[in-house]
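Q: Each chain, letter by letter, is given below.
2 protein chains.
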Amino acid sequence: MAKLVKDITSRDEDFAQWYTDIIKKADLVDYSSVKGSMIVRPYGYAIWENIQSILDKEFKKLGHLNLQMPMFIPESLLNVEKEHVKGFAPEVAWVTHGGSELLEERMCVRPTSEVLFCDHFKKIIKSYRDLPLLYNQWCTIVRWEKTTRPFLRSREILWQEGHTMHETEREAREETKRMFKVYEDFQREFLALPVITGRKTEKEKFAGAEETYTIEAMMYDGVALQNGTSHYFGQGFAKAFGIEFLNRENKLVNPYQTSWGVTTRMIGAIIMTHSDDQGLVLPPKIAPTKVMLIPIGNDEEVTKTVLEIQEKLSRKEIASRIDTTDKTPGFKFAEAEVKGYPIRLEIGKRDLEAGKVTLVRRDTLEKVEVVIEKTVEKIENLLEEIQENLYNRALERRNSMLYNANTYEEFKMIVNNKPGFIKINWCGEMACENKIKEETGLKSRCIIEEEQPDGKCIVCGKPGKYKIYFGKQY
Amino acid sequence: MAKLVKDITSRDEDFAQWYTDIIKKADLVDYSSVKGSMIVRPYGYAIWENIQSILDKEFKKLGHLNLQMPMFIPESLLNVEKEHVKGFAPEVAWVTHGGSELLEERMCVRPTSEVLFCDHFKKIIKSYRDLPLLYNQWCTIVRWEKTTRPFLRSREILWQEGHTMHETEREAREETKRMFKVYEDFQREFLALPVITGRKTEKEKFAGAEETYTIEAMMYDGVALQNGTSHYFGQGFAKAFGIEFLNRENKLVNPYQTSWGVTTRMIGAIIMTHSDDQGLVLPPKIAPTKVMLIPIGNDEEVTKTVLEIQEKLSRKEIASRIDTTDKTPGFKFAEAEVKGYPIRLEIGKRDLEAGKVTLVRRDTLEKVEVVIEKTVEKIENLLEEIQENLYNRALERRNSMLYNANTYEEFKMIVNNKPGFIKINWCGEMACENKIKEETGLKSRCIIEEEQPDGKCIVCGKPGKYKIYFGKQY
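Residue numbers (the working numbering), protein chains in the order written: chain A, 1 to 474; chain B, 1 to 474.
Certain hints may be false.
[Unchecked claim] Listed below are several chain A residues computed to face chain B (Cβ distance under 10 Å; list not exhaustive):
{"hint": "1", "residue": "SER33"}
{"hint": "2", "residue": "ILE39"}
{"hint": "3", "residue": "PRO70"}
{"hint": "4", "residue": "PRO74"}
{"hint": "5", "residue": "SER100"}
{"hint": "6", "residue": "MET107"}
{"hint": "7", "residue": "THR264"}
Calculated directly from the structure, the hints in this document are not laboratory data.
Every residue gets a Cβ at the ideal spot worked out from N, C-alpha and C, and that includes glycine.
Go ahead and model the full structure; you've got the sequences and the hints to work with.
A: As structure tokens, this is what we get:
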């Protein structure tokens with residue numbers, strides 16, 4: 001029974017090793033012969049399919065249309081927008097040959113698709129009647145990272161990228177924030193992540209964007225994971241690409257643009273927020289299997305009861321599976337814990353005679369006995385409770401790792417002693433941001449939009465312009 | 001009104017140009033700055049999403065699990081299976097640089113993923129208890145084609161590839177045929193394609209397969225489109241990759257393998273089978289929008305009625321849209337024809353006063369008047385009728401282009417005079433197949449499994465071993 005579990009390193013001893021153990025033991029990911037790339041195994045991919053399905057419905061409800069762009073970008077096209085190419089060129093994979101022939105122009109595998117969309121927009125946008133254009137693409141992108149970690153930083157990334165074009169600045173700014181809100185709500189409600197949101201600094205914003213809004217999730221170890229961004233581009237790309245439309249005054253003008261994306265990083269965030277030394281813990285709303293049903297022994301009546309329960313769960317659209325393997329009950333229980341099914345149900349002949357089953361919550365490992373007739377009702381309630389408990393537990397932990405630093409000395413002391421995010425007053429100058437980065441290793445996480453500074457910049461002493469979070473990051 | 005339509009070349013005059021006109025005018029595809037790659041625009045992608053959603057449910061019902069493999073294949077991995085690399089190496093795109101660094105080993109973008117799956121299978125298959133492994137992946141692949149045509153032959157292809165591993169030869173052969181049947185049924189029922197099915201010859205089978213089953217759809221011009229294949233690999237890849245498992249007798253043996261795939265080619269097949277000089281024609285079961293509702297004039301009561309009809313359609317899960325643009329009715333009608341919505345509904349103030357609407361079938365362009373109360377019922381019936389009519393019409397046309405040739409002279413005469421497939425007796429020797437190819441340009445389509453030869457090979461005169469179809473292909 002303990003075999004599976006014993007192989008998991010304690011998260012308090014070695015968080016990085018613990019993370020690797022979890023994704024391997026829970027069959028989420030495997031390494032491949034392709035350096036830096038991961039295999040997303042069926043269980044991991046099923047989580048991604050759930051994420052996709054929920055977000056895709058939301059995008060479509062708001063009027064976005066899916067499409068598919070080429071995966072290659074000719075070098076000349078990547079070069080059109082100067083900030084953009086500067087940001088991405090160092091980390092792209094270059095295709096130089098087709099079969100045995102050298103290409104006339106090399107092409108990179110898309111690290112993101114702004115330039116491809118702009119190239120297309122230029123052809124199809126002619127009038128204000130064509131706007132807004134609300135497009136989205138589900139695909140993989142490639143960034144040639146030196147060091148990789150599954151889900152967090154990988155050479156190939158599964159993601160979604162929205163690209164929209166608007167008649168007015170106001171509309172485009174609204175879209176940027178609207179989609180940002182979709183991400184935030186999704187992560188709170190479905191992934192049970194108590195995320196912190198705000199605006200990136202000039203230094204940290206997306207290459208080519210006027211503004212970048214970021215979702216910053218704090219992991220169990222106090223380190224930040226940037227977990228989704230939404231960008232307002234203004235007319236920068238439109239001007240560089242010569243995208244123009246006839247406005248309502250019959251004048252040729254440039255449209256306003258946004259883009260926004262989330263990736264399989266979110267799966268990494270779920271793991272590093274909710275899981276424990278027993279294995280994976282999944283929020284019920286995103287778990288591919290909500291309940292694992294484990295019949296104990298080979299009893300016909302037990303089997304019948306389990307099948308009846310599954311049938312009832314299925315009618316309520318609660319995904320469950322029955323463990324029919326020939327492993328021992330103890331092994332099955334441990335496996336259910338490692339895999340992070342929100343609830344496991346145990347029932348043997350004696351339970352049946354007593355008219356009850358045992359439910360085990362994965363979040364607390366608490367056992368609950370319930371009479372058979374009430375099983376489905378209890379499961380429904382428990383799933384809600386677990387979802388809520390995971391959020392609250394993560395929120396409490398996160399809050400315990402949020403700090404205020406009123407002086408740079410205090411800031412450095414916190415950095416040296418406590419993991420987490422540190423809030424400061426900041427003058428808004430990149431020099432101070434750089435100094436913090438150089439001296440402490442911490443990067444700015446986000447400018448807090450709803451909070452005003454209440455003191456001087458802790459670095460230079462000039463008037464504070466922003467409240468801002470700093471933290472280590474993945 | 002006629003403007004949109006006039007721009008479509010007649011399919012009897014210039015089929016290739018007609019095809020290009022249809023995909024451009026119906027907004028299915030756009031060309032991009034990436035040579036040989038296409039942009040699948042939202043309307044085209046919505047068709048693909050429908051295809052995906054139906055097939056994916058079917059795969060999952062049969063126990064297949066989705067996952068995601070890397071998109072790159074290191075050269076050494078591609079080289080493991082000799083037949084396979086011979087077939088694919090000439091047409092792959094090679095990545096040689098990551099950022100500014102030359103890679104130690106170049107990698108190709110997957111042209112198909114057998115070797116990646118085998119590399120993974122080797123690690124995860126240990127015992128007969130791990131079998132069968134039923135995996136599927138939705139992704140894009142790259143093949144460096146010299147000449148391309150959207151949906152038919154493109155450098156980047158959206159597809160699905162199933163990869164399965166089995167304990168016994170019998171199971172693997174059954175799986176090969178089972179998934180082949182899934183494709184065949186899907187194409188007949190949903191795409192209304194009267195496909196011909198059979199086995200590929202040695203010459204035409206997949207590089208590395210023991211047997212390839214193929215779906216051959218005949219286009220309006222009599223030319224074949226290979227529209228889905230299912231392969232039985234035997235133990236070839238398993239041996240090359242050293243994949244072994246402990247069988248029930250506790251002996252280490254190689255498993256038996258299959259793979260199967262369909263692509264966006266199916267969209268090409270729909271177009272070239274059902275569409276006409278007025279534009280796209282889509283089978284209702286696969287059309288993203290089943291009914292386009294066109295209110296005529298700006299009448300409040302008309303608008304209200306149209307909204308009510310849409311509401312009722314929506315309750316029956318019949319996808320409809322309302323054309324609320326400020327174009328003229330005539331323009332809207334023409335556009336609905338070009339876009340191939342199975343039914344368009346027209347209603348103006350006078351219709352409303354008379355208590356009726358007009359429905360126009362896209363397949364026949366026939367107009368049907370119906371009382372408002374019966375609209376939804378009539379639409380339901382019409383959609384079924386259209387689906388059936390498209391299949392029957394295509395079947396009749398296909399049958400009119402199937403020929404028997406009893407001698408090689410007869411064969412050549414048919415080739416020179418009539419488009420279509422020609423059935424012959426064949427000895428099974430590649431020499432005869434090659435001769436036909438060289439002298440007439442026709443390739444073998446498929447060996448007809450359910451039919452026995454009834455004469456000598458028309459080329460060499462040796463005893464006939466197979467009934468086989470020959471035909472030109474896309």
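Q: Hint by hint, note whether the structure agrees.
A: Against the structure, the hints come out as follows:
Interface hint status for SER33 of chain A: upheld, as the beta-carbon distance to the closest one in chain B is roughly 5 Å, under 10 Å. Restraint check, ILE39 of chain A versus chain B: the minimum CB separation of about 6 Å is within 10 Å; hint holds. Given the 10 Å rule on beta carbons, the hint for PRO70 of chain A holds: about 4 Å separates it from the nearest Cβ of chain B. The closest approach between the C-beta of PRO74 of chain A and any C-beta of chain B is roughly 6 Å, which is under the 10 Å cut-off, so the hint is satisfied.
Against a cut-off of 10 Å between C-beta atoms, the interface hint on SER100 of chain A holds, since the closest Cβ of chain B lies about 7 Å away. Taking 10 Å as the C-beta cut-off, the interface hint given for MET107 of chain A holds, the closest approach to chain B being about 7 Å. This hint holds: THR264 of chain A has a C-beta 9 Å from the nearest C-beta of chain B, less than the 10 Å allowed.
Of the numbered hints given earlier, the model fails none.
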